[in-house]
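Chemist: Heads up: the protein sequence lines correspond to chains A and B, in order.
Note that the first sequence covers residues 6 to 247 in the numbering used here.
Note that the second sequence covers residues 6 to 247 in the numbering used here.
One or more hints might be untrue.
Copies of the same chain are indistinguishable here, so a pair counts whether it falls within one copy or spans any two.
Straight-line C-alpha distance at most 25 Å; calculated DSS-like pairs for lysine-lysine [said to hold, decoys possible]:
| hint | residue 1 | residue 2 |
| --- | --- | --- |
| 1 | K171 | K155 |
| 2 | K171 | K81 |
| 3 | K81 | K37 |
| 4 | K235 | K155 |
| 5 | K155 | K81 |
| 6 | K235 | K37 |
| 7 | K81 | K235 |
Hints listed in this document are in silico derivations from the structure and should not be mistaken for laboratory results.
2 protein chains.
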Amino acid sequence: MPSRRVARLPCAIAAKLKAPQTALHSLRSKQKMIIVYHLETSRSERIVWLMEELGLPYQLQVFPRETTGAAPRPLKEIHPLGKAPVIRDGDTMLAESGAIVDYLIHRHGGGRLALSPDDPAYAKYIYWLHFAEGSLMSLLLIALVLSRVKEAAASPVTARIRERMKQMLTFVDIELAGGPWFAGETFTAADVMMVFPFTTLRNFLDYDLAPHASIVAYLARVGARPAYRKAMSLAGPTRSYL
Amino acid sequence: MPSRRVARLPCAIAAKLKAPQTALHSLRSKQKMIIVYHLETSRSERIVWLMEELGLPYQLQVFPRETTGAAPRPLKEIHPLGKAPVIRDGDTMLAESGAIVDYLIHRHGGGRLALSPDDPAYAKYIYWLHFAEGSLMSLLLIALVLSRVKEAAASPVTARIRERMKQMLTFVDIELAGGPWFAGETFTAADVMMVFPFTTLRNFLDYDLAPHASIVAYLARVGARPAYRKAMSLAGPTRSYL
Chain A
6 MPSRRVARLP CAIAAKLKAP QTALHSLRSK QKMIIVYHLE TSRSERIVWL MEELGLPYQL
66 QVFPRETTGA APRPLKEIHP LGKAPVIRDG DTMLAESGAI VDYLIHRHGG GRLALSPDDP
126 AYAKYIYWLH FAEGSLMSLL LIALVLSRVK EAAASPVTAR IRERMKQMLT FVDIELAGGP
186 WFAGETFTAA DVMMVFPFTT LRNFLDYDLA PHASIVAYLA RVGARPAYRK AMSLAGPTRS
246 YL
Chain B
6 MPSRRVARLP CAIAAKLKAP QTALHSLRSK QKMIIVYHLE TSRSERIVWL MEELGLPYQL
66 QVFPRETTGA APRPLKEIHP LGKAPVIRDG DTMLAESGAI VDYLIHRHGG GRLALSPDDP
126 AYAKYIYWLH FAEGSLMSLL LIALVLSRVK EAAASPVTAR IRERMKQMLT FVDIELAGGP
186 WFAGETFTAA DVMMVFPFTT LRNFLDYDLA PHASIVAYLA RVGARPAYRK AMSLAGPTRS
246 YL
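Please put together the full structure from these sequences, using the hints given.
Modeler: What follows is the structure, encoded as structure tokens:
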């Protein structure tokens, strides 16, 4: 089990304190432990999950959202774009989910949870790893922004985006039928990247996943993983923004 | 210089025929040459550029856009989502820019244009590689979709997205000042991923890059690369959609 510290931020940002502060934790934190900056109910839950899957020690700093749902201003002090996730590894500050996943796996995880380029399932692995943000989240964000523009409710553009969402999720559902994981037989970082868009759907968008039986079954498999359960207890969604 | 075939599609899709059909080309095409499916004025220009930078042989199939600007239906026969880029490598069909870039570099390019995880610039490399689609294109697509919703013109959401675009491009501009390339001293696949969003800006969005001097200077450096020039002559933007 990885050691983990959940710290209170200096700038009066409340943090969840769920991990015991043992001597071991303190010792490891002096060894320049990786810090994971997590924004409540956001993509950064993936990085907590990844650290738990890899069994790497880390310190968790949680930023609650503002009452409007916006990211809080102090995240801007961590990274110029004020977004999460961000990690700190010694002098390196790194943002962007996909980049952090690649970085942690290949710099600290000995390549675990990645497939090597000569693996027959490499194309599948690398596809879903990039698809998660490059296609799926990208489309969901468009739908989310449109849902915030009251005047766009009756626009044919909105209807087209909803239709594209359904088409994309149907495609994912069909692909997952060959499961159990996105790359096939092996659980990989592609899964760590792919799960969050579905939880976002549930938390931010009014979209029913029930017709996508393979996705629903897949999420049940994910939910049974001890590392996922631990990560969600530390950094899982706390609010619905529907 | 890589060999290259630009093929006419069976389904009556016109293709640009710019490369000579020599015996060498025919021979190589029988050796299961990689096929790059390119949608006119789209992300897939990156993959053509990457193949030229890597000097790998490939066959290019160009799909013109419909008069509405939409991707043509036959792209759906290539990939269920009907998007580009897609490549074919033997029995493997692969979509998603970032995935294709990783796949080609690590499966066929011997890791060239990537930085290894122990390189001091690895974090920068992997950041921009993912940022291109995960953050920048994602935001630009939101702006593009909103620009198509007439009713949203006066919405505060639209204003906020424009503001975020400016903020993000200012951030990129500052980061690039340390150039010459996104990862620093070395030209990498992160550059191949990052350039297209800027050309998109010019072709699809009414946004003036002139205030971002480092980005403008960077694009001039990119434009001087022989592989980029060749790729643009084969697969560069042909129309403006403003």
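Chemist: Could you work out which earlier hints the structure fails to respect and list their numbers in ascending sequence?
Modeler: Going through the list in order, the structure violates hints 4, 5 and 7 and respects the others.
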